[in-house]
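*Asks:* Here's the letter readout for the chains.
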Amino acid sequence: MRRRVLVAAGILCVLSLASGAGLAQAPFAGKTVTMLVGNPPGGGYDRLARVVARHLGRHLPGNPTVVVQNMPGAAGIVAANHLYHVARPDGLTLGLFNQNMVFGQLLQVEGLRVDMRKWQWVGSLTRETDVFVIRADLPYRHILDLRRADPPLAIGATGPGSGSYDFPLVLKAFLKLNVRIVSGYRGRSDIMLAIERKELDGVAGSWSSLVSFVRRGLVRPLVKTPSENPELKDVPSDVDLVSEPTAKAVLQLHAVPNRIGRPFVLPPGVPGELVRAYRQAFRSLADDPAFRQEAERLGFEVVYTPAEAVLRVVEEVLNSPPGVVRVFKSFFRFGE
Amino acid sequence: MVEAVLDGLLRVLQPDALLYMLLGVFIGFWVGILPGIGGVTTLALMLPFVYGMEPVQAFAFLLGMHSVVATTGDLTSILFGIPGEGLSAALVLDGHAMAKKGEAGRALGANLMSSLVGALVGAAALALAIPVVRPLVLSFGSPELFMLTVMGIAFIASLSGRGARGLARGAAAGALGLLLSAVGQDPQAGILRYTFGQLYLWGGIDLVPAVVGFFAIPEILDLMVRRSSIAASGPTGKLVGVWEGVKDCFRHLGLTLRCSVIGAFIGIMPGLGGGVAQWMSYGHAVQSAKTAEERERFGKGDVRGVLGPGAANNSKEGGALIPTVAFGVPGSSAMAVLLGGFFLTGLVPGPDMLTKHLPVTYSMVWTLALANVVTVALCFPLLPYLARLTTIRATRLAPFLLLLVFVGAYTANNSWGDIVVALLFGALGYAMLRFRWPRAPLVLGLVLGDLAERYLWISVARYGWDWLGRPGVVVLAGLTLAVLVYPFLQEWRERRATQLLHREVAHAD
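Residue numbers (the working numbering), protein chains in the order written: chain A, 1 to 336; chain G, 1 to 509.
Check the hints yourself; a few may be wrong.
Stated by the list, open to error - Ranges of calculated distance between the beta carbons of each label pair, as one might list FRET restraints:
| # | chain 1 | residue 1 | chain 2 | residue 2 | range |
| --- | --- | --- | --- | --- | --- |
| 1 | A | Arg148 | G | Leu423 | 40 to 46 Å |
| 2 | G | Leu423 | A | Arg88 | 25 to 31 Å |
| 3 | A | Lys176 | G | Ala477 | 37 to 43 Å |
| 4 | A | Asp115 | G | Arg227 | 52 to 58 Å |
Worth flagging that the hints you see were computed from the coordinates, not collected in a lab.
Where is the CB? At the ideal position from N, CA and C, for every residue including glycine.
Just need the whole structure built from these sequences, with the hints factored in.
*Replies:* In structure tokens form, the structure reads like this:
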């Protein structure tokens, strides 16, 4: 009887050791990974999160299920704070936030309780470009023609802190364009409809959200932030259009998050091997043809940026010279 | 065009498209009834599955699901006073009052029938509007949208209750609603208003937990205080039947159709959003009362208060599809997700959908119509059982209801702040219920305030003062005046009629 108990105990020990070893090999087996998104369902970030979620499981050891959880609020700050301080650092929660959040830290926005440098960055799968477009039926062909625009063009925006407001504002100041910013629209869609109605003449935004309207012929891009996207090769880049060094630096600073793309992060405290597993998974996901096809259909430009590169970009922003930051602050705010 | 219509129908009737639609209906049925998982989130969840499907099948699935949620979401509003899908609060006012009188079956029947009528009108609107949709939507600019929100706010006058005191209270409640809508980051200068340093309030007060708490919590508290059951204030405790409700819909067919049209129209206007359609149609239903006394009955269980919002809730979805398909501009948040469906199936929303892919567009119309017919057919046998839920004792029901309320409030944004909001609004709603202050005007102010401010600002920034002279604005201003003045006119006419009657009687002596 005692022998049987000993044998059973021995077997249990071996099994637990084996499962322990197994755990190291397939840490995600049978688990569910939650992808926390700081934006509401339906928008660009959400769409990206869902397409990544659909394919990511296959590339993680153990093939977990990946689900998306939306936690909108304060332009992603709520979700970021949550992931940083509240979520368990067990590697089962991954975050996708507003790429501009690094500016939130630079501008010391109230309420942001996160140090962007301390995230364990996983990497980015897409790259963004911001463009400024005007209605295709307007006679202006080159961005500098807008200096002589008469009457001044009405550019639609959602509010200070969004790309639709800040980018035209800085373009107007640096390039001396004759445009007016009409702010208060509820979202990109309302602005596009107003453009159709000829209530507005132009808008600024990310290429992935405007591409379908450009392809349809409603609007024409006049200026972009630096990008290698072949579809935009004939469009001048904003940095090339200014010569004054501070202005150039400010525009370059503004374009920096686009090099991050839409970044995925893990909270500090997640064990190193899990972080490495994620980074490896993202690397292979970027080459996955099924994923690439679905993402490109949705208008995303799939370009893999490894974690180290993302962290370098973050450091670059946070180490900007104070003179540049001062001018930057006068144009750019952090908001929805 | 007729060939396109028929072609669309044939495509929907293909076995695989039909199957996907039924699957969507099944999923949507449960999503609407159970709180916690909203229609929009579910759409976003289901979206990736349509990758690779043919467009007709994909939309049969997505639209099948989506159109059903609007119908079944109404059920909890009526039965328990808990606003179902997001903002179907207008239904709670009379629908739940009817349930309390023991007429739950009748309310459910009326709602289901009017939902069907509304859905069919919405689908028809979509079909008929296709040739004229572009000029129609394009003629409504920010100034016209501003006037529409003002008109909505003017309905506060009708929803306010009788006499000078009623009107004063209604106006005060409306003003409070408008004030509360100002909380958050202002869209012109980015200034944070009334946020008291709370990150949660950056985006303003979220409507879903506010409305859910505002209507549901007072009802549940009331139920617990009374300690009987929901249907206890009915005359004999017996349940009046579902067929009575169906007949009601046809008795007031004119009203139902008019409210369907209102809902479809507001759905077409992409700038207005979900809550507006049902409140405007509720306001219109109230105004259709012939005397001031009849008006008083609203809020206490008048079936017309169920027919109006019930129809509008469904017709607005058909309407919302129009700008989505024709411009690629989503008419509602569900439509924003649906746009992803376009991209995934390789379609581009815009003029092409009205020309090259016209049969696909018409297949969507047919899906809307058919999915709703199927839902109604499925729901009807269930209604008597659902109605019996109102006879369950409060002590058993109330905890479950509270769970529904808080789960519904929390899962909208996965935020604790939402629960606090629901509680605070619940307290406010209970106080207003107790002291007989009308609650509808506050919600109207809350829903419309943000929109009104934005459009006013944009109109002035873009057009200076010229926008006041636009023909659309003038017409809408006239209508608004009519809406404002109507209740006073009614009362004045009644008083005169009574005076004349007294004089005749005096003469006769």
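*Asks:* Compare the structure with each hint and give your call.
*Replies:* Checked hints:
no.	hint	result
1	A:Arg148 / G:Leu423: 40 to 46 Å	58 Å, violated
2	G:Leu423 / A:Arg88: 25 to 31 Å	27 Å, holds
3	A:Lys176 / G:Ala477: 37 to 43 Å	40 Å, holds
4	A:Asp115 / G:Arg227: 52 to 58 Å	54 Å, holds
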